[in-house]
Structure formats: structure tokens, C-alpha cells
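Asker: These are the residues of each chain, in order.
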Amino acid sequence: MVAQYHHSLRFDVDRCDGCMSCMRACPTAAVRVRKGRAVKLADRCIDCGECIRVCPRAAIVPLTDQMADLSKFECKVAIPSPALYAQFDTEIFPGMIFSALKQCGFDYVESASPACDAVTIATEIFLNEFRGQYPLISSFCPTIVRLLQVKYPEMVDQLLPVLAPREISARDAKLRISKETGLPPEKIGAVYITPCPSKIVAILEHPGMQRSHLDAAVSICDLFQILAAAVSRVQESEFRIDAVESASGLSWSFLGNLPRSLPAENTLSVAGLANVIRILDDVEKGRLRKYRYIECHACPEGCVGGCLTVENPYLARGKAIKLQQSLPAAYIVDRQDVEASYRKKEFLMDEYLTGRPLRPLDEDISRAIFKMKERDRILSDLPRIDCGACGAPSCRAFAEDVVLGEAEKDSCVFFWQRDLEDRIEQLANLVRIQKQTTGGLS
Amino acid sequence: MMPEEFESVYQVLGKDFSNAGKVSTSIKDTLKRMGINPSVVRRVAIVSYEAEMNLVMYATRGKMALSVSRDAVTLKVDDEGPGIPDVSLALQEGYSTATPEMREMGFGAGMGLPNMRRNADEFDISSEVGRGTRLFIRVQQAA
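If you read the protein sequences in the order shown, they are chains D and A.
Anchor point for the first sequence: position 122 equals 122 in our numbering, and the numbering is continuous, going up by one each time.
Anchor point for the second sequence: position 102 equals 102 in our numbering, and the numbering is continuous, going up by one each time.
Careful: at least some of the hints might be erroneous.
Unchecked claim - Computed list of lysine-lysine pairs in DSS-like fashion (alpha-carbon distance at most 27 Å, straight line):
| id | chain 1 | residue 1 | chain 2 | residue 2 |
| --- | --- | --- | --- | --- |
| 1 | D | K35 | D | K319 |
| 2 | A | K22 | D | K373 |
| 3 | D | K179 | D | K290 |
| 4 | A | K63 | A | K22 |
| 5 | D | K290 | A | K15 |
| 6 | D | K187 | D | K72 |
| 7 | D | K373 | D | K409 |
| 8 | D | K373 | D | K102 |
| 9 | A | K32 | D | K40 |
| 10 | A | K32 | A | K76 |
| 11 | D | K40 | D | K319 |
| 12 | D | K40 | D | K72 |
| 13 | D | K35 | D | K187 |
| 14 | D | K187 | D | K290 |
| 15 | A | K22 | A | K76 |
| 16 | A | K63 | A | K32 |
| 17 | A | K76 | A | K15 |
| 18 | A | K22 | D | K435 |
| 19 | D | K290 | A | K32 |
| 20 | A | K76 | A | K63 |
| 21 | D | K409 | A | K76 |
| 22 | A | K15 | D | K373 |
| 23 | A | K32 | A | K22 |
| 24 | D | K373 | A | K63 |
| 25 | D | K102 | D | K40 |
| 26 | D | K102 | D | K344 |
| 27 | D | K373 | A | K32 |
To be verified - Only part of the chain A face toward chain D is listed, based on derived beta-carbon distances under 8 Å:
| id | residue |
| --- | --- |
| 28 | S8 |
| 29 | G35 |
| 30 | S39 |
| 31 | P82 |
Treat the hints as calculated values from the structure; they're not laboratory data.
Even glycine gets a Cβ: it sits at the ideal position worked out from N, Cα and C.
Make a model of the complete structure from these sequences and hints.
Answerer: What follows is the structure in C-alpha cells.
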């Protein structure tokens, strides 16, 4: 049975010119170039969006929702990622962005900060009471969850089973609006304003949950132009006072958001997939047992570095820090309330996360061993310079593709050239022998 | 048909801290591609990492030979190095000869060899002072 995975990227064959930039950038070797076009290997792709960043022809299209798609909802509530605020100049406050979002067609805007603070407290309670295998790994980034499912399936139990703030925001917003308006919750569309495409996958696949409370995700970069225009029209009198943000809520948007209840030497913060992979390799090898919690972001610097943002991640982080200084340092939710909800399991995942390891070379171990030997034999014939001309990101990946019957050995230009040279030599030898026997009469 | 066995030999250089850990990562990725049971992979990952780090920290050079069959994953480690004067002492939890530099890197809790033995189904060690150390580790595949 071939499992169906949801993805948040589409490769546009008309725009792709087969330049291989995405193939080289992909951290999970999920891209091949076949017949001059990039192709995605669905089981390997973890929706990190690195390919979107590097594609020079905008041929990789994120499958986030467009504003026009949202008309199906009777009532629309926007839930902005805290990374949204960091896209604007520092004199633009969240209250102005709230008003601007309403001008863009949202009926309500829900601040993510209360949920961020609540989830921080819930995480502290969970860590305090946890008696299992350390380190625990953060689960708010959907790409990190997918990375573990695919590449480290035996470590999915170490993902923190606390829900992401965006889900809590969506749930609370729907309840509140439903109460206010009398609309049934299913008529209310909760729309995440997202810095990356992976949230789409999290909505469709809702790992750890029976269903997602979010209904759609619109990207920051798609929305930015109309939102920025709307911001410039906002009058001071229209500032929304319901834009209740907290300094700690904002810290979810960049690297370094760690539970304050744990000693610093028992926590780690990692950003950027290559770095995360190195750290998870170490966890797997048992090296990082003294750590209790590892915060992992797929994007450089965290969500402010999302591939669907508009500002440089480092400038965005600076702006987020500046904005934090003008916000209350204390949590904007009541710790006792959160603890009570936590006891009612309102912050915990209600389904187990499961691994979805890559299909091995063969389901039968003996045959897999045979194929692995074959892979190494082919690899020893290859130049090992990872030139990519064959359409695979490395000689190793190419050798594996050949063993799996997904590529022809002759696609390697070096192998082909050497083969040709051998044949020319054989022919020259034949000619020489012929000349010797005929005495050069021909 | 001959029972299939996959073999691969990896060279490790002593004091090569910038590459330390790469062999065990490669071993673990290879096992995963062969569809080896995840808990076996994890045990071999732990064992091979400890072995690799011991080589890097103490030996001049050494090699790690991996072999995989239907029944088991075997790792043979062979190094040229100072050897271990008292093997039974080195196998005790908490016993360590790590230098301050090694401790700074998070090693030297005296758990290396005991940890390897705990994760192995078969474990054998022999050492000659002034020549080197040999390890034999076998992790059984679940029947």
C-alpha cells in the first residue's frame, strides 16, 4: 500500500527549467531532475520550503490559501503568526495590523499571545511531571514533526505532546465568536497568517490531533502588499485594543524561546534544518541525555525566517525584540486558569504521533542486504563528486536510485564516458589484431 | 543461495575531532535504508558512537567493520593505541580516564564501555597495553 501524504508545495513544470537549485538545497534528498524538470519524491519531502527559497524561476508554488478561497466561510477570524508583526517597521504596532487585517476582509482577529503564554505554562507543567525518555523535542513546527516521522521514526515519542499555540488560538477564538454571534463553530473559518507552507500540512494531517482547529492558512508574503497598504490608511482612532500581545508571546517567533522553569544547561535551541538534523543525530546516538528540552525550528532564526515572509530574518528578529520591549514582560494569562485547563487535558494532543519511515531498499532483509551491497558496488564505480548531472543530488542517492530501478546507470556522464573509452580501446585492439593477421593489407 | 551479508569498513583517525561522529551517523543511515528494526538501529547507533568517540579520543587510528546479516548486526573495532591496562576496571560504571578537554566536550562520565555492553547482546573486549584495543559487538535482530 502506498501511503498518501499531503504536501504544501507544487512543482510547476511550465516554469521549471531543470536548473537543479532545489535538488541541491533539499535537506532530505527529496528532489530529482527527470527529463529536464524537477520532480518531488513525496515520501521524502517534509515541506520545509528550502526549495522555494532557492528556485530562481518561482517554479515551486506554495499551496497556501488565497484570500478569495476564504469566501466559503460565513465568518473569518485571522490568527496572525507573531512573525507577522516583525515584517513591519517598528513604529507599526500590532493594534494597527489588527485594524488593517479587518480592512482586508477578516471579521475577527485573534491575538496568538494568550495561547502562546498558556502553552508555555502548559509546557512547563508537562516537563515538570514528565518521567520518560529525555530529551523532549518541541513539536510546534510541523516540519520538525514530519522530519522525525520520516527520518527518526523511533524518536517520535520524544516529541512534546503539547498542542501548538496556533491550535489553541483557533479553538478559543471559535468558541468565543460562536458564543458572541450564535454562529455554529463550523461556520467560522480560522485562518492562520503563516510564515511558511508547512502549516498547511499540519491543518490537513493534524498530527497528534483528531482534527485541526484551523481551517486555512494565508501566507504573509501573499497578504503583505494589501496589508501594508491597509496599515498606512489606519487612523490612530482605529487602533484595536483587542490586540493583546505579550513579550513572551512574541518570543515564539524566533530562536531561544525556552521554558523558564528548566535550568539553562538542560535546554537547547536549534534553528535551520541542517543544524537540527545534526542535533537529532546526536540525540539518536545517545549523546544528549543530559538535555531535557530541545527547541527546534526548521527555518533559520525561527518563524521570522520562514520562506513565505518578506523581511530578512535577522532584521525581523531585531524588530521582534524591539517590539517586545514595549510589551508587558509578564504572562497575559492566569497561571491557575491554565493549570485548571491543563488538568482537563485541554493542552495535550489526543492522538499518538506515529513514525512513517522511508520505504527501505527492500521489505525483505536478505534482499535489502543484497541491494545495499549492490548500491555500494555501483557507488565505487561513480566519481563521488556529487555533480548532479544525472538528476540525483549525490552519487550515493544515484546509486540507490539505480538499485531501486528508478534510474539508469548510463545517466552518469562519467560512467558513460568511461564505458565509451573502454569500448574504443577494445575496438582499437581489434583493429590492431586484424592488422597483424592481415599484415596491414587492408 | 548463500546467506547474504553486508560488510563495510570505516577508517577513523585519532584526534580528528572535526569528523568525530560521522562514521556512526553513516552506519545508522545505512542500517535504516536496509529496513533494520528501529530499536536495533538505535542500539547500534549508541554502540558505534561510543566506539567511534573512544577511537577519536584515545587511539592513533583504527577501523570499524560493520556487518549485517538477517540475524544480527556486528561491529568489530580494532585500533592502534595505548590499550587499556585494566579492562575490568574500565568496564565499571563511572570509571574514566578522560582528560579535562574530553570532559569539556561532554565525555568522561565513565559510561562509554558500560553503555556499549548494556546495548549489546554479545560484547567482547581485548586489549594490549602499547598496542591497541579490540572490540566485538553483536546486536541481535528480533526473531
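Asker: Please work out if K76(A) and K63(A) have their alpha carbons no farther apart than 27 Å.
Answerer: The given pair, whose Cα atoms are some 8 Å apart, holds under the 27 Å limit.
Asker: Assess, step by step, whether the Cα of K373(D) is no farther than 27 Å from the Cα of K409(D), and give holds or violated.
Answerer: holds, 16 Å
Asker: Is K32(A) within 27 Å of K76(A), Cα to Cα?
Answerer: holds, 19 Å
Asker: Please verify whether K373(D) and K102(D) have alpha carbons no more than 27 Å apart.
Answerer: The hint is violated at about 61 Å.
Asker: Hey, K35(D) versus K319(D), does the alpha-carbon distance stay inside 27 Å?
Answerer: violated, 45 Å
Asker: Need the status of pair K63(A), K22(A): alpha-carbon distance at most 27 Å?
Answerer: Answer holds: K63(A) to K22(A) is near 13 Å, not above 27 Å.
Asker: Are the Cα positions of K35(D) and K187(D) separated by 27 Å at most?
Answerer: Not OK: K35(D) and K187(D) at ~46 Å, beyond 27 Å, violated.
Asker: Is K22(A) within 27 Å of K76(A), Cα to Cα?
Answerer: holds, 17 Å
Asker: Regarding the hint that S39(A) lies at the interface with chain D, is the smallest CB-CB distance below 8 Å?
Answerer: holds, 6 Å
Asker: Quick one, are K32(A) and K22(A) close enough, alpha carbons at most 27 Å?
Answerer: Holds, because 15 Å separates the two Cα atoms, which is no more than 27 Å.
Asker: Next pair to validate is K373(D) with K32(A); report whether the Cα-Cα distance is within 27 Å.
Answerer: Given pair K373(D), K32(A) holds - Cα atoms ~14 Å apart, limit 27 Å.
Asker: Given the hint that K290(D) pairs with K32(A), test it: the Cα-Cα distance must not exceed 27 Å.
Answerer: holds, 26 Å
The structure does not agree with the numbered hints 1, 3, 8, 11, 12, 13, 14, 18, 21, 22, 25, 26, 31 stated previously, though it agrees with the rest.
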